[in-house]
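**Student:** Spelled out, the chains give:
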Amino acid sequence: RKEVEQDPGPFNVPEGATVAFNCTYSNSASQSFFWYRQDCRKEPKLLMSVYSSGNEDGRFTAQLNRASQYISLLIRDSKLSDSATYLCVVNTNAGKSTFGDGTTLTVKP
Amino acid sequence: DTAVSQTPKYLVTQMGNDKSIKCEQNLGHDTMYWYKQDSKKFLKIMFSYNNKELIINETVPNRFSPKSPDKAHLNLHINSLELGDSAVYFCASSQDPTGGNTGELFFGEGSRLTVL
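As given, the protein sequences belong to chains A and B, one line each in that order.
Note that the numbering used here gives residue 9 to position 9 of the first sequence, counting from 1, and the numbers run on in steps of one.
Going from the second sequence to the numbering used here is simple: count from 1 and add 109.
Think of the hints as simulated: they come from the structure by calculation, not from any bench.
A few of these clues could be false.
[Said to hold, decoys possible] Derived PhoX-like pairs: lysine-lysine, alpha-carbon spacing no greater than 20 Å straight-line: (1) LYS2(A) with LYS96(A); (2) LYS145(B) with LYS45(A); (3) LYS161(B) with LYS96(A).
Okay, chain B solo, but in the shape it has when bound (with noise of 0.2 Å):
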């Protein structure tokens, strides 16, 4: 069984449109991120989720929109697409740094987002 699992793996969209990556964990771990990595491979973190509530929220603009229905699911919706979007986006999960754990975080395989 995949522990994170995101869907689409790949999306090739126009400029303008709307568009939704989903992210699910079956860890039983009670954050979840998203993670933008761009041409030069850099990998940023874009938002933060713990038990549903939002706790990290970096500069990103007001077009992504993160919306997680329980703490298994963290789905990251991006209107109004622009080039500059194209990017791996990667999902991610980990347990609270506490009792042992050491807050490793588990990425999806990463959804490539390209944008025409």
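So that you can see chain A by itself, here it is in the shape it has in the complex (with noise of 0.2 Å):
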């Protein structure tokens, strides 16, 4: 079992819609939890980290479900600057960053 389960894709949706990412992880001990955004030929980079209550930052929620080992990231209002392949990444206290394989996300006007 991979460390970090993503659902890969391709999500296909329109303008204005909400979409939501889902990513589980199997290490209990995990410390925190992170969605970063790579754009296609560019490096990743933070969209945002998620807290244990949960934390919005304009159309994106980050939700965190320590219980189940699960982490979402909910999109609303879709743009088509959203378009991009987003990344589940969680820590250990060891300091390691372990990546999903991502979710790619198109956004058709």
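Reassemble the complex: the two chains are provided individually, in unrelated frames, and hints are given to aid placement.
**Tutor:** Here you go:
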């Protein structure tokens, strides 16, 4: 079983749609959680950290369920510019960041 | 100023050659990493250095040898290149997740290696 698992998609949605990505992790000792975004032929960049109480940044909402070892990312009112690959990242207390294989999103006009 | 810079951006070489990729960060971070992203876009950690000390060494062939002359630099040397080494290699850095730091990874733009 992979340490971090994501639905690879692809997700193809129209502009304005709401889309949710899920991620599960296997190491119950994981300490911190993130969503990164990677555009085609670019480097990954942090989209948002994921906190236990859940957190929101504009159209983006991240949730963490430690009991189920599950992380989610919700994007509301999708824009064309949201098209990218979204990577779930889990850190252990040893400082190791493990990336999921990514979920590809394409937002269409 | 680029925070994490790596060179070269593109590298095309023949099987059996030896090549190096260099990485520098000006963020004052303590930890630096090498990641490999293959043709399927899977991003896997290879090595991690904290203050010049190797702390993570995943299952990587010993043809790959990282070297950190100081905490701002982490280079990757690859001997006897093979076809399967073709990938994008990303350097990254982070600050230790203490004192409010999240441990966010800052990536370089990547070095695209093609082995012919």
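**Student:** Could you run down the list of hints and mark each one as holding or not?
**Tutor:** Okay, the hints, checked on the actual structure:
| no. | hint | verdict |
| --- | --- | --- |
| 1 | LYS2(A) with LYS96(A) | 15 Å, holds |
| 2 | LYS145(B) with LYS45(A) | 16 Å, holds |
| 3 | LYS161(B) with LYS96(A) | 16 Å, holds |
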